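Positions 12 to 591 (our numbering) are the ones given, in order, by the sequence shown.
I should point out that these hints are in silico values taken from the structure, not numbers from a laboratory.
Treat the hints with care, since some could be wrong.
Cross-link-like lysine to any residue pairs, in silico, SDA-like; alpha carbons within 25 Å at most [said to hold, decoys possible]:
| no. | residue 1 | residue 2 |
| --- | --- | --- |
| 1 | LYS179 | ARG151 |
| 2 | LYS71 | GLY170 |
| 3 | LYS136 | LYS69 |
| 4 | LYS396 | ALA137 |
| 5 | LYS82 | ALA237 |
| 6 | LYS396 | TYR557 |
| 7 | LYS421 | GLN479 |
| 8 | LYS69 | VAL329 |
| 9 | LYS172 | ALA237 |
| 10 | LYS69 | SER133 |
| 11 | LYS407 | ALA394 |
| 12 | LYS55 | LEU104 |
| 13 | LYS396 | GLU572 |
| 14 | LYS71 | PRO174 |
| 15 | LYS396 | SER133 |
| 16 | LYS421 | VAL329 |
| 17 | LYS55 | VAL70 |
| 18 | LYS421 | PRO374 |
| 19 | LYS569 | GLY497 |
| 20 | LYS179 | TRP102 |
| 21 | LYS407 | VAL329 |
| 22 | LYS421 | GLU572 |
| 23 | LYS82 | ARG151 |
| 24 | LYS172 | ALA137 |
| 25 | LYS421 | ARG377 |
All figures in this text were calculated on a predicted structure; none of them were measured in a lab.
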Amino acid sequence: MSALAALFRFRPVVLTVSAAVLIPVLTSSPAAAGTTAAAERVLKDEVVLTAGQGGTVKVKETIVYRFAGRKGFEREFQTRTHESLSEDRVWRLGNLRASSPDGGPTTVTASESGLRTTVEVSGAKAVTGDRTVVLEYDLRGAITPMGAAEELRWPVVGGWKVPLDEAKATVDGGAMIRSVNCFTGPIGSTIGCTQYYTNHTHTQGVYAQQGMLPGEFMTVVAGLPAGTTGGRAIHERRHTVATAFSVNAVTGGALAGLLVLLVGGVAALYLLRGRDARVVGKKAAEGDQAPLAGAEFEPPDGVRPGQIGTLIDEQADVIDVTATIVDLAVRGYLLIEEEDRARTGRLDWTLRRLDRPQVDLLPYERILLDALLTAPDGTGRDAVKLSELGGTFATKLAQVRSAMYDDVVKQGWFARRPDTVRSRWTVAGILVTLLGIAGTVALALTTEWALAGLALIIAGAALAYGGQYMPAKTARGATVLAHTIGFRAFLERGAVPDDGDAVASRQRIALFSRFLPYAVVFDTVPTWAETVKDAGERAEGADNLYWYEGPAEWDLSKFAESMRTFTLATSGSISQSRGL
12 MSALAALFRF RPVVLTVSAA VLIPVLTSSP AAAGTTAAAE RVLKDEVVLT
62 AGQGGTVKVK ETIVYRFAGR KGFEREFQTR THESLSEDRV WRLGNLRASS
112 PDGGPTTVTA SESGLRTTVE VSGAKAVTGD RTVVLEYDLR GAITPMGAAE
162 ELRWPVVGGW KVPLDEAKAT VDGGAMIRSV NCFTGPIGST IGCTQYYTNH
212 THTQGVYAQQ GMLPGEFMTV VAGLPAGTTG GRAIHERRHT VATAFSVNAV
262 TGGALAGLLV LLVGGVAALY LLRGRDARVV GKKAAEGDQA PLAGAEFEPP
312 DGVRPGQIGT LIDEQADVID VTATIVDLAV RGYLLIEEED RARTGRLDWT
362 LRRLDRPQVD LLPYERILLD ALLTAPDGTG RDAVKLSELG GTFATKLAQV
412 RSAMYDDVVK QGWFARRPDT VRSRWTVAGI LVTLLGIAGT VALALTTEWA
462 LAGLALIIAG AALAYGGQYM PAKTARGATV LAHTIGFRAF LERGAVPDDG
512 DAVASRQRIA LFSRFLPYAV VFDTVPTWAE TVKDAGERAE GADNLYWYEG
562 PAEWDLSKFA ESMRTFTLAT SGSISQSRGL
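Taking the hints into account, I'd like the entire structure generated from these sequences.
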């Protein structure tokens, strides 16, 4: 009875223990899966390296791996290091193959990313338990000449994602091994392995390490006599920004060739487009329109100041419009009235319409006169203050400029509008520059020929800049320019013979009034206006001009300063307009 009672007394304990064991198994499958994954490890990794001729090392790695339901495993090899800004040392794995005597995975694939190569060994189905996998490969680049020796160095074991219990390696150099060394830990570690030595014949190096964490390596080193294998390190040029713009035979030749084409293109453009200077010199030498003729010297027949300004610099700009306004006043279409600064507190002018038929006005002059004397609401007005012009007639001023370009073509001075020619060449240059930028980026990302694209950028930028000088005058335009140059020299001197009497002084005032708009274009207003001041001092009662009226107590002695400030103020008011 005591035995039976004892049996019943222990039965509840057995049942309780069984329940405690069964319940977690049935209800905690995620935890079980985690436990299974954690159970994966490398029980043993044993490697044999055999150095051969040419520096090729035959590697046979026997791996005892504990699987827990996966189809295979991965292992990383350090196959590249950056030795400089532009060069890498590389190790090449080839002829990869795997086998297993006990049903382990045998399919091998390799992929390189960054500095490492990942080797994956997998099978068709999930595996559990301990399996042996034999991984074999050929290794190149691991043997390096070191003075009077050769050194074999290779992180032979490691790069696992699971712990490793035991690692062992054997190096067979085919000759007496002079020295051995071994390091464990990250790549570049100086921590020694558990054990390393040479066998009794000194023909093999033996290395061992107990316990390695995921990601650690065991690097073996063996010193061989010089010339044992003839192996050498393998280096590759690394593609970087520095190497992309490197100078070599290809990039240097391409850059030189493009620069030659650029210089040749500039020379060709000069021959085709740079004829202005030659024609001007030739026409001036021939005396096509005699340069200077004393006091009787005049501008080219019928050529207006705005036309001359556009002809000289091939642009219808602010100063040309300002000169045209002064010219319209001198020719009797406008009266310029200077306000009394002492009374108004500011310097300003009024442009007043004069009753004169507009029969001899050029199209751009008509547009300008209409713009000046049309109110913002579109109604006509008889006068406008200069200070009121800013920003009120942009569209009309754009039409003035366009009409000025059309006029120089109509006169036969240019074959095509200068602004159109500049725009075409500039757009072409910008497109070439953008093509060069895109090409340079593409070449820099993929090749070492980025300098070729850089040369294209330079050529495009030069073309865009040079486009400003591409408008070419015709022979007729160059002829007018030759005479204009002589006329400018006349104005720059700012003096003509004068016998000193009052009548002559009044004639000089009329002459200088006529030429003043041209002086505005040539930027010789201060010199030219001083001559009006001198003439006004001699001319009795000359306190105003027929086209310019000053305030009370104003006379021609103040004209030079008045004209200087007027031209500056007019150009400033016009330049505020969006049209210019």
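The hints, checked one at a time:
For the proposed pair LYS179 and ARG151, the alpha carbon gap of about 21 Å is at most 25 Å, so the pair holds. Restraint check for LYS71 and GLY170: the C-alpha separation of about 16 Å stays at or below 25 Å, so the hint holds. Distance check on the hinted pair: LYS136 and LYS69 sit about 30 Å apart at the alpha-carbon level, beyond 25 Å; violated. At most 25 Å may separate the alpha-carbon atoms for a hinted pair to count; LYS396 and ALA137 exceed this at roughly 95 Å.
Note on LYS82 and ALA237: the hinted pairing is violated, with a Cα-Cα distance of about 44 Å set against a maximum of 25 Å. Of the supplied pair hints, the one linking LYS396 and TYR557 holds, its CA atoms being roughly 19 Å apart against a limit of 25 Å. For the proposed pair LYS421 and GLN479, the alpha carbon gap of about 21 Å is at most 25 Å, so the pair holds. The suggested pairing of LYS69 with VAL329 is violated, with an alpha-carbon distance near 83 Å, which exceeds 25 Å.
A C-alpha spacing of about 37 Å is found between LYS172 and ALA237, which places the hinted pair above 25 Å, so the restraint is violated. With a CA separation close to 22 Å, the supplied pair LYS69 and SER133 stays within the 25 Å bound. Under the criterion of a C-alpha separation no larger than 25 Å, the hint pairing LYS407 with ALA394 is consistent with the structure, at around 17 Å. Pair hint LYS55 plus LEU104 holds up; C-alpha atoms about 22 Å apart against a cutoff of 25 Å.
A hinted pair counts as satisfied when its Cα atoms are at most 25 Å apart, and LYS396 with GLU572 qualifies at roughly 19 Å. Our distance criterion of 25 Å between C-alpha atoms is met by LYS71 and PRO174, whose separation comes to about 21 Å. Restraint check for LYS396 and SER133: not satisfied, since their Cα atoms lie roughly 91 Å apart, outside the 25 Å limit. With a C-alpha separation of about 21 Å, the suggested pair LYS421 and VAL329 falls inside the 25 Å cut-off, and the hint holds.
With a C-alpha separation of about 16 Å, the suggested pair LYS55 and VAL70 falls inside the 25 Å cut-off, and the hint holds. Restraint check for LYS421 and PRO374: the C-alpha separation of about 11 Å stays at or below 25 Å, so the hint holds. Among the hinted pairs, LYS569 with GLY497 is inconsistent with the structure: their alpha-carbon atoms are about 29 Å apart, more than 25 Å. Between LYS179 and TRP102, the direct Cα distance comes to roughly 21 Å. Compliance with the 25 Å bound is thereby established for this hinted pair.
With a CA separation close to 14 Å, the supplied pair LYS407 and VAL329 stays within the 25 Å bound. Taking the CA atoms of LYS421 and GLU572, the gap is near 37 Å; set against the 25 Å cutoff, the hint is violated. Of the supplied pair hints, the one linking LYS82 and ARG151 is violated, its CA atoms being roughly 29 Å apart against a limit of 25 Å. Among the hinted pairs, LYS172 with ALA137 is consistent with the structure: their alpha-carbon atoms are about 18 Å apart, no more than 25 Å.
With a C-alpha separation of about 16 Å, the suggested pairing of LYS421 with ARG377 holds against the 25 Å cut-off.
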